[in-house]
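Model the full assembly from the supplied sequences, consistent with the hints where possible.
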Amino acid sequence: MSTILASVAVQNGSPSRASLEVLSRARQIADGQGATCAAVVLSPDASAVADELARYGAQKVYTVSDPIFARHINTPVLTALEAVIAEAQPSIVVFPSSEGVKDVLGALAVRTGAAVLPDVASVEMKDGGVEALRPVMAAKFMARTRAEGDLVLVSVRAGSYEAVEAPTEAAVEEIVFSFDEATLRQTLREVVGSTAGTVDLSDAQVVVAAGRGVKDEAGKQLVEELADVLGAAIGSSRAVVESGMFPATAQIGQTGKVVSPDLYIGVGISGAIQHVAGMSNSRIIVAINTNPDAPIFDVATYGIVGDLYKVLPILIEEIKKVKAVAA
Amino acid sequence: MKFCVCIKQVPDVTAPIQIRAGELSMDAGRVVLNAYDASAVEEALVLTADNDGEVDVVLIGPERATETIRKALAMGADRGAHLVVPEDTELDSAAVSQLLAGHFKDYSYDVILTGKQAQDTDAGLAGGMLAERLGLPYATNAVGLAIEGDQLVVTRQGDTGQEIIVLPTPCLVTCSNDMNNPRIPSLKGVMGAKKKPVDSAPVAEIPEASVRVLGYEPLHTREPGRFIEGEPAEQVAELVNVLELS
Ligand SMILES: Cc1cc2nc3c(=O)[nH]c(=O)nc-3n(C[C@H](O)[C@H](O)[C@H](O)COP(=O)(O)OP(=O)(O)OC[C@H]3O[C@@H](n4cnc5c(N)ncnc54)[C@H](O)[C@@H]3O)c2cc1C
Ligand SMILES: Nc1ncnc2c1ncn2[C@@H]1O[C@H](COP(=O)(O)O)[C@@H](O)[C@H]1O
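In order, the protein sequence lines correspond to chains A and B. All letters in the first sequence, in the order written, are residues 1 to 327 by the working numbering. All letters in the second sequence, in the order written, are residues 1001 to 1246 by the working numbering.
In short, the hints are calculated from the structure, not lab data. Don't take every hint at face value.
As the list claims (entries may be wrong) - A few chain B positions that, by computed beta-carbon distances, are all more than 12 Å from chain A:
| no. | residue |
| --- | --- |
| 1 | MET1001 |
| 2 | LEU1047 |
| 3 | ASN1051 |
| 4 | ARG1064 |
| 5 | ALA1101 |
| 6 | PHE1104 |
| 7 | ARG1183 |
| 8 | LEU1187 |
| 9 | VAL1190 |
| 10 | LYS1196 |
| 11 | LEU1243 |
To be verified - For the chain B half of the interface with chain A, some residues (derived, Cβ under 10 Å), not all of them:
| no. | residue |
| --- | --- |
| 12 | VAL1085 |
| 13 | ASP1088 |
| 14 | ALA1123 |
| 15 | ILE1147 |
| 16 | THR1155 |
| 17 | ASP1199 |
| 18 | GLU1217 |
What the hints assert, rightly or not - Which chain B residues face chain A? A few, computed with CB under 7 Å, are given here:
| no. | residue |
| --- | --- |
| 19 | GLN1157 |
| 20 | ILE1165 |
| 21 | THR1169 |
| 22 | ILE1206 |
| 23 | SER1210 |
| 24 | ARG1222 |
| 25 | GLY1230 |
| 26 | PRO1232 |
Predicted model only: the values in this text are computed from it and were never measured. Glycine residues also receive a C-beta, built at the ideal position from the N, C-alpha and C atoms.
Following this line, the structure appears as structure tokens:
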């Protein structure tokens, strides 16, 4: 029987939301094909999440446990995934489209002789091949693409599918992994500005995103306060990452991250296509901008033409009030 | 250090584009050097300006893509290689990496740079594929590069922070446009570029693409939105109401 394999990333001890989304999609495809839905986890303690993966439909869980996976380094990830693919013999491997995955996808495809459909918004089996819709031209259009072959690797944009529980029993198979440090022709010297432990932007249900309209420390504080009262993750445009006001991990868009929260609030962001490419899939988009002609209003569900320095303080107070009443 | 930057000519994604009968249709004149590749060229130029070194560029594309090689030469690259394919040849990242791997068999470089992705397709695969084919250590999504002796120090933008990675040479790095702002060629640069060597040769055999594009479709259109009018206090009250934050 063939296998549809979902690659799962562990964050703060749990599978990331984007991972559960691809696992759910893998389960749907497997059910449609009469195939097995399997998951693979690389982590210092991979078996710890096996139960959670079974809850989301994994009938088989391949675990590779090694301390080296505490931080991302591409060579050991490649070696481990190659070993799991050799063992599981999947016809499709689906990945969440994270930076860690983007780092290994091309090399893994060459190593395993696979065809790749990167960063897709949807994926399905059709007439014996794998078809996917991919945003192209800075997400102005969708390209319908098709890959054939014994093995197809697919990475899926965050928020393309819903994570749905489909409880089952999972057989856990620990893949023996030994890594020869001598073959590691790279050293990870350090990780700086790590946001691990905070709400991950791609996983967040509410995002407050700041653009160049946020001009100073006072503006930045307003954005942080709004995010705080909403329990939101903070995103940003490229302009304010460039100016150093927000960290690069906050950048949303073609170069940055793809987000698809229930609620995205863009403040002082013009809505350049390269930014919109990363957030147009949000369920509700609110834009606050002084310029009524700003392109962000073309994708906004609710547009507020106004000065963020006037609107945000009132908005923060109002939200505090309603939260206090609700509590 | 000797650098080679792989560059692609891409349609200008900010130009008007329509879909006609499942194909993308745009003003063919609006083509540009892929922005991510421009950052890679810029970084190579900066790194070789202080240290000794050379910067070559290589491009696979139709005859008219020579202008994109000239653009890189005008920025300051030393020499270009053009692997010429017929107009409208479809090459996916796998095919590109295969052709580039063939090209690099005949040359020796300390560092090969690519863009992190092509701006038109956002595939982001060719760099990693090429590194694997050449058996080179690599890093992707670099936002900073520095030379340390005969090693390269890469600042990579990862999911949760910036990873500082040390690579021996030869190696391959894929570059983000967050790395720098590419220079605009000076008039002198543009004139000088005309005299720089470009080796151009037709591609003997076009590799078959493993991924085919069946056609293009518009995005799902979003429900039309609306402006919330009034004074800030009124706008906020209405927003809190429609978002059902209470
Ligand atoms: C290859 C490539 C990739 C890129 N990738 C990305 C990416 O991943 N993410 C990204 O964001 N960008 C990306 N960009 C950059 C993008 O093109 C824009 O330059 C950038 O998004 C602009 O950021 P901004 O909207 O904050 O700034 P601006 O365009 O300067 O807009 C600022 C806005 O703030 C408004 N404003 C000013 N004052 C106030 C106020 N007091 N109150 C309310 N509103 C106010 C203004 O009306 C204006 O609309 C990329 C560009 C290229 C070429
Ligand atoms: N036709 C091409 N010629 C030369 N380099 C290319 C070509 N296509 C892609 N590349 C390189 O590979 C990178 C990634 O491309 P892609 O995998 O298509 O997103 C680009 O940024 C370029 O550096």
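Quick check: which numbered hints come out false for this structure?
5, 11, 12, 13, 15, 17, 21, 22 and 25
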